[in-house]
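Chemist: If you want the building blocks of each chain, they are given just below.
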Amino acid sequence: MVSLRLETPAPVTGAGPVAAATTARSARVRRMGAPVVVAAAAAGVVVCLAVRDPNAEGAYPLCPFRALTGWDCPGCGSLRGLHALGTGRPGETADQNLLLLLALPFLLWRFVAWSRDRWRGAAPRGAAVPALWIWGALGAIVVFWVVRNLPGVPFLGSGIG
Amino acid sequence: MQSPPPNNLVWAILATILCCLPLGIVSIVYAAQVNSKWAMGDAAGAIESSNKAKQWAIWSAAAGVIIALLYVVFILVLGAGLSGSTTV
Chain A
23 MVSLRLETPA
33 PVTGAGPVAA
43 ATTARSARVR
53 RMGAPVVVAA
63 AAAGVVVCLA
73 VRDPNAEGAY
83 PLCPFRALTG
93 WDCPGCGSLR
103 GLHALGTGRP
113 GETADQNLLL
123 LLALPFLLWR
133 FVAWSRDRWR
143 GAAPRGAAVP
153 ALWIWGALGA
163 IVVFWVVRNL
173 PGVPFLGSGI
183 G
Chain B
21 MQSPPPNNLV
31 WAILATILCC
41 LPLGIVSIVY
51 AAQVNSKWAM
61 GDAAGAIESS
71 NKAKQWAIWS
81 AAAGVIIALL
91 YVVFILVLGA
101 GLSGSTTV
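Residue numbers (the numbering used here), protein chains in the order written: chain A, 23 to 183; chain B, 21 to 108.
It should be emphasised that the hints constitute simulated quantities derived from the structure, not laboratory data. Even for Gly, the Cβ is constructed at its ideal location relative to N, Cα and C. Where hints are given, some of them may not hold.
If the Cβ cut is set under 7 Å, some of the chain B residues that face chain A in the computed set are [what the hints assert, rightly or not]:
id	residue
1	N71
2	V93
3	F94
To give an idea of the chain A side of the interface with chain B (calculated C-beta under 8 Å), a few residues [said to hold, decoys possible]:
id	residue
4	P83
5	P86
6	F87
7	P96
8	L120
9	L130
10	R140
11	R142
12	P146
13	V151
14	P152
Some residues of chain A that are not near chain B, with every Cβ distance over 10 Å (derived) [what the hints assert, rightly or not]:
id	residue
15	V51
16	V73
17	G97
18	W141
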């Protein structure tokens, strides 16, 4: 039987309630380190993209898939899309990479749920979404990948329009 | 009922949408398998898929970083070559 580390460590006993509370608080501070780092990294990416505009030629490396094939991958347009979002133009984000705009609420939800679990000292959990939803998301990504490269399809490609 | 092992879907999505390498797609397949297998009572299989989802997300991110570094080196070399040719 495979054991899943689901138990939280037992609190230190016998050290008195004040010491136990202090230990619990410092354990919480330690646990919240990772969410703070992730939030800071995300903020860093947004600031970096606001300062160094990815619309400028050569500001960032081109997507290798696009460089090799000339086609958009499912992620093409996400840097420019994040830049547009960070500078207050979500409509442009939708135009450059619709998937990014759809994925951000999911990422935000997982970040909040993960941070809450760490705050409470709960074991890390997988997103308890039905498997069918994930297969559906996979199908949507593959369809998006194909359709955005079809000639004459507006809006879905990584460019504007 | 215990909760399923981490499906690493967040990393899979990040790799697919923000890392510009379609390797992340493979990671999403494994992430979906985690929840599928768990729903069927296959705990060991779910954990195996969980690890694979994580591996593929890491490979995708690593490949992205390596290609970005190669690109930077390429630009530097090209830039040096161009400036050299203009001075000649």
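Chemist: None of the hints should be skipped; say for each whether it holds.
Modeler: Structure-based check of each hint:
no.	hint	in the structure
1	N71	violated, 12 Å
2	V93	violated, 11 Å
3	F94	violated, 9 Å
4	P83	holds, 4 Å
5	P86	holds, 5 Å
6	F87	holds, 6 Å
7	P96	holds, 6 Å
8	L120	violated, 10 Å
9	L130	violated, 10 Å
10	R140	violated, 13 Å
11	R142	violated, 14 Å
12	P146	holds, 6 Å
13	V151	holds, 7 Å
14	P152	holds, 7 Å
15	V51	holds, 23 Å
16	V73	holds, 18 Å
17	G97	violated, 5 Å
18	W141	holds, 17 Å
Hints 1, 2, 3, 8, 9, 10, 11, 17 from the list above are not met by this structure, while the remaining hints are.
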